[in-house]
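Colleague: What follows is the residue order along each chain.
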Amino acid sequence: MSELETFRKEARAWLEANCPPEMRKPATGEDDTCWGGRRVTFKSDAQRQWMERMAAKGWTVPEWPREYGGGGLSRDEAKILRQEMAALGCRSPLDSFGIWMLGPALLKYGNEAQKKEHLPKIARGEIRWCQGYSEPGAGSDLASLQTRAELQGDHFIVNGSKIWTSYADKADWIFCLVRTDPNAPKHEGISFVLFDMESAGVSTKPITLISGSSPFCQTFFDDVAVPRENLVGTINKGWDIAKYLLTHERDMIGGMGRTSDSRSLGQIAAESVGVENGVLADTVLRGQIASYEIDALAFRLTMERVGDLAKTGKAHPAISSLLKYYGTELNKRRMELAMSAGGSDALEWQGERSHNGFTARAWLRSKANSIEGGTSEVQLNIIAKRIIGLPGA
Amino acid sequence: MPLVLNDEQNMLRDHARGFLSKNAPVAHFRQLRDSKDATGFSRPLWKEFVDLGWAGILIPNDHGGLGLGHVEVGVVTEELGRTLTPSPFLSTAVIAASAIARAGNDKQKSAYLPKVVNGDLIATLAVDETSKHRPEKTALAATRAGNGFTLKGAKTFVLDGHVADLIIVVARTSGAPGDAKGLTLFLVDAKSKGIKAERTPMVDTHNAARVSFDDVSVGADAILGQLDGGWDALEGTLNVGRAALASELVGASQEAFDRTVTYLRERKQFGKLIGEFQALQHRAADLYCELEVTRSAVLKALQTLDESFDKASAIVSVAKSRAGTSATRAVQEGVQMHGGIGMTDEFDMGFFMKRVRVCNELFGDANFHADRLARLHRY
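If you read the protein sequences in the order shown, they are chains A and B.
Once you know that position 176 of the first sequence is 176 in the numbering used here, the rest is easy, because the numbers rise by one and skip nothing.
To get the numbering used here, take the position in the second sequence, counting from 1, and add 393.
What the hints contain is simulated information worked out from the structure, not anything from laboratory work.
Here a beta-carbon is modelled for each residue, glycine too, at the ideal position from N, C-alpha and C.
Misleading hints may appear alongside valid ones.
[What the hints assert, rightly or not] Not close to chain B: a few residues of chain A, all C-beta gaps over 12 angstroms, as computed: (1) K25; (2) G58; (3) G89; (4) Y109; (5) N111; (6) A143; (7) P185; (8) D240; (9) T302; (10) L347.
[Unchecked claim] Example chain B residues on the side facing chain A (calculated, C-beta under 10 angstroms, incomplete): (11) L396; (12) P418; (13) V419; (14) R423; (15) D427; (16) L459; (17) R676; (18) E685; (19) K693; (20) S714; (21) N760; (22) H762; (23) D764.
[Claimed, not checked] Think about it this way: if two alpha-carbon atoms lie no more than 16 angstroms apart in a straight line, the pair counts; the simulated EDC-like pairs of lysine to aspartate or glutamate are: (24) K508(B) - D400(B); (25) K314(A) - D651(B); (26) K385(A) - E659(B); (27) K108(A) - E3(A); (28) K121(A) - E77(A); (29) K704(B) - D625(B); (30) K385(A) - E522(B); (31) K9(A) - E77(A); (32) K440(B) - D513(B); (33) K385(A) - D513(B); (34) K311(A) - D400(B); (35) K385(A) - E669(B).
All chains should be modelled from the sequences, with the hints used to inform the complete structure.
Modeller: Here's what the structure looks like:
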């Protein structure tokens, strides 16, 4: 048996023994996701156990080095772990922006002290992070951000405000883009800093979205003192880190459609719309679903192919824009079809039957996918210029 | 298996591209069309394919072939799609060779496969009877007569039907049109009494024919595979053809796209390169994504045929459906973005549009395969 197959067997056995049965059912609400943090509340003992067991194993962040709380797995091993978790229906034990975004940035750009300080706390779910990128005046044109950080002695003094800060009101720390040189060209005066959300001068205000939830906040900084050692990388070179992280964010958002309902759209529709003579009773919807399934499978294979190309160094550096664009548009299509398939049942906004409007809220939430992390239009600009090589600024 | 070509496959692609761009560029196809060539393909070029071993690409070594896989077939058809090269490669080396190699008995394999390898036999599959691909609706009747059978009926859209030496005929030996059961494949000499082949010049100037069978007698030894149980062999054969065509569509659409992007970088209007206009940039970028996503599905379909042949139906339908849809967009944008010149016969873009239309239709169009996938997934 190859080493990988041995690993697969061991991983499966460990998951079978350690993943509580409740954690093998599809999530039906936002509180089914564990985000960790100082103020973490677990929905159930099973949720806590699952997170703690996975953290102890290093498998909340399977590919991070062991010394920083990770599992030290290779890419292939991590893929097998994902496959085995999917096969058993295991939920993600811990989701966080620390895992998806800050961690990879610190691994690449952080100094040793920063890695030792922050990464293990992310892996164990002790500190919950938020991302301070967009501002009221800097959306698609992110590099025009205006939040200032002036160096005074050992501290940066931060003033300004951020918007669309995901879960800022629940986060413990923020990684934040700030302008440290107002006179430099816009991409060259930006730095990447970390600070505690309990610092004096930080306040947050949740924004209610069309889905009825408030995953985003506006965040205000009023003379917030940030220790100088919390600067990541070089001063005024934060845009490099920002771009690197945007790539991660794009991969993540592009892949979102994968994690929702494990049933296929066709199955969902068959249950609610009905089947006549072996085919879905609504034949137009049937065609749309089949066409969606074709595109969705081809897209999953594209993520796989891009991963394989990356291994051989042949992936285009801007290819994450393709994944982000295509994946989010696909997810919006999926949610439109899920609403059609669900009919009036899917429109029920409250109550047990609809899990408090789970499908409807996910449908509305999906509309943000093609806006956050760089709009579809920004991705098309990037593809046109950087990949296809069309002219223009 | 990683979803990328390996080193040998990359070498094959580079070699095929080099060979075809030198010996069979689009100008070669244009010349064949303009000269109204009676066969519609170049026998000297086919001889060169034979010399390269391509006629036996799928045929096992013990019958003299290269014994390569479906990914390699796709590598070649993709390049043939780029150059629009007409040849019996698909009908003979891919579809017929696959059918005989997989379903044939030792005698049949020894009789036909070496001849395919040597270029001495052009062979094809005759399946469609109506204007849309519906293999289970086969009505052409094979009735028992003595120790053999008599074939009566007609086939349409038979690739290279007017030049084929051997026709693999899908016939009904029991059941009724609509039943998958009751179909049988027959290996029929094209010169048999009662066969009439009428070449049907198609919109893309590639080769097809209507073939009628008027009480054609064949022996029992002409049965390829199982009597009444030909469906699985037929589906396998069709899957190979569909995946190869999907790859040809990838090649044709990639070439149309590359030519269009080149034009966007050169053509000036309103004092600007038209590629600077965001209206065109976004459409080109979106099309780029569609083609890349299709490419992944097509490669996976080819790999699946190599790894688990009997489980390839779903992914082959995904590949063929996507390839048909995205190639259609590629050639439509190709003509539109070229403007007026894209509409002229002198310019090649129209050739790609025509070929894509035909490849899309052949062995099931995008809708056929979407329907097939839905059935496979039981909805």
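Colleague: For this structure, which hints from the list above don't hold up?
Modeller: Checked against the structure, the hints that fail are numbers 9, 12, 13, 14, 15, 16, 24, 25, 27, 28, 30, 33, while the rest are satisfied.
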